[in-house]
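K.L.:
With chain A held as given, fit chain B onto it using these hints.
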Amino acid sequence: MKNLYKFFSIIVLIIASNSYSFAAEKVEYLKTDWSFKGLFGKFDRASLQRGYQVYTEVCASCHSMKYLSYRNLSEKGGPEFPEDQAKAIAASFEVTDGPNSDGEMFNRPGKLSDKFVMPYDNVKAAQAANGGAYPPDMSVLVKARGGGVDYIYSLLQGYEEAPEGVTLDDGVYYNKYMYGNKIRMAAPLSDGLVEYGDGTNATVEQMSKDVTTFLMWSAEPHLETRHQMGFKAIVYLIILTILVYFSMKKIWSRVESEV
Amino acid sequence: MSDHDYRPKSKVGQWFNDRLPLLTLANHLTDYPTPKNLNYWWTFGGILTFCLITQIVTGLTLAMHYIAHADMAFESVEHIMRDVNYGWLIRYIHANGASMFFLAVYIHIFRSLFYGSYKSPREIIWILGIIIYLLMMAAAFMGYVLPWGQMSFWGATVITNLFSAIPLVGEGIVTWLWGGYSVDNPTLTRFFTLHYLIPFLILGLVVLHIWALHVPGNNNPVGIDIKKPSRDTVPFHPYIVIKDGFALLMFMIVFAFFVFYAPNILGHADNYIEANPMVTPAHIVPEWYLLPFYAILRSVPDKLLGVVAMLSAILILAVLPWLDTSKIRSAVFRPLYKQFYWILVADVLILGYVGAMPAEGLYLLIARVATAYYFLHFLVILPVLGFKEKTLPVPLSITEPVLGGSPNLAAARDKESKIE
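Top line first, the protein sequences correspond to chains A and B.
Be aware that the first sequence starts at 252, since it is given in this note's numbering, and climbs by one per residue.
Be aware that the second sequence starts at 1204, since it is given in this note's numbering, and climbs by one per residue.
Chain A extracted, bound-state conformation (with noise of 0.2 angstroms):
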């Protein structure tokens, strides 16, 4: 049994090692909590629906998601949003497509199928209007990050006034969430600046709240499902663990009685 717990130490630590990279960092994440961790973790559709709009109205106008299709938004598992609403959403932006039969490309309202239309062209145009910095696709951000959740959470609140003996550069900020300390996006975020269609008041940590499981969703869209099958393959498999054990003590009687 001594052994044996040395060996499960051993996995554990090489797991633990693997962790390495937050080790380092100090910074303890602001916490939250996230309605989609745990066993039976699911999304807050609610707050789904409201992290879209953060996103749309304010992260979009910069930030790409070129892996989402507006289909997306109205799938299950996710914001939810009725089809025809999801429709609406695709066809308020604007979709170059073609060529056509006369070899011109043109432009159409977008339909379901259609990618998340991106703030920019390409990564120079982004960086070109952004002062040399790109802002990151963020289709898969939070897995991108080693906080996760935790992490965009925070930062996304942890905009501060630079410590004294800190200079930041034209267009460069202080947050005490992101690595090294500066950052090249302004605090995106302050009370009131959307206006939310269910009355929820629209705090910072609201917001940050809601775009965060937005995010989570992008970046996970089939979480839900991940976690329901998850639990009901475990159950199986334990289930099945305890039957092929008592077949397994069965069939070795016959052994051990013989020694």
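These are calculated hints, taken from the structure and not from any lab test.
Note that the structure is predicted; figures quoted are calculated from it, not measured.
Each hint should be verified, as a subset may be incorrect.
Stated by the list, open to error - Partner residues aside, some chain B positions facing chain A, computed with beta carbon under 10 angstroms:
1. Glu1281
2. Met1284
3. Asp1286
4. Tyr1289
5. Gly1290
6. Tyr1295
7. Ile1327
8. Leu1331
9. Gln1353
10. Val1437
11. Ile1445
12. Gly1448
13. Pro1466
Claimed, not checked - Far from chain A, by Cβ distances over 10 angstroms, these chain B residues were calculated:
14. Leu1292
15. Met1453
16. Pro1504
For each residue, glycine too, the CB sits at the ideal point set by N, CA and C.
P.N.:
Below, chain B alone, put in the same frame as chain A:
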């Protein structure tokens, strides 16, 4: 292979078996006499076979949707995650499956080290195993490159650059490996091809590994040669099949937990950023299962010697059967070796830990000491120990300790049950 005299009962069976003795093979596999005292550390062979098959099946499915092109690879992975039916499930099984595969193979290797399974007459099984392990590392490394994220790109750059340490031809070899002057599309397509090929090579080697195993038969926790079949053995089916099945299910529960509830915890966040040759990540780290060797590589100040040390650390295992001079197989009867064994386990873990840390200051010092100890264990401690160590008396058969042998044997048996 004592069962060549097997004869199928039916006429058709006999007709077929005389022409292709598949039924003899099936009979051999079911009746294969296995030591009855095998503990759960012995179930990882079956678990590893499961891992290999899982990787091949999920990998084939992913290959149907993946596009091996520098401009499209990252996007095609997102396509798999979002739009392919259960693509997220297949990809997460494949990605976490690699980690599970290595977890199992490390347990399998360390089991072999503890019970001396690599010793005569099982050297060929052991060497085949080391080749499989090397191929696994190559396959895993190239597989990690395929999503074309930042860690993919920079990991590939760092590892392929190791070849530039070779004198005279190094630079040329690197260019040849890359198919250009940096890691780029030609690198990706060839890595994809090789990543597709290697698992089938592994599969072939696994067949040889099992074949070679079935000649002398399994080692066992007591580490003695046993008569087969005898009161010390049980037929593979149903005894070992059900036991392996039970262990596999336990393993699958852990596996499922990672796939469904922590699918990205073993990966690096930077790999969800598309590869960008203009931006170097703050820390370039390989996957966790390569970290001990990465630590050895970085602990040597000279590039060429570092590469040599890293490769030696793996290849030294191939000559282990001749470095370990002890006649006794199982650590159960080797009180000193047992202590050194656990020190080695700790040493490898420490190497893994410092491999994930920046190579500077105290971490570098620890890495150097641990690297030195790693080689000391194999090159000095093991050969000397075989001559100096006072081993405990070894029982004559597996049943003997239970039937009430000497006090030493009872102690040994007691120890055994604890490990189980």
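K.L.:
Hint by hint, which ones does this structure get wrong, listed from lowest number up?
P.N.:
Violated hints (numbers, rising): 7, 8, 14, 15; every other hint is consistent with the structure.
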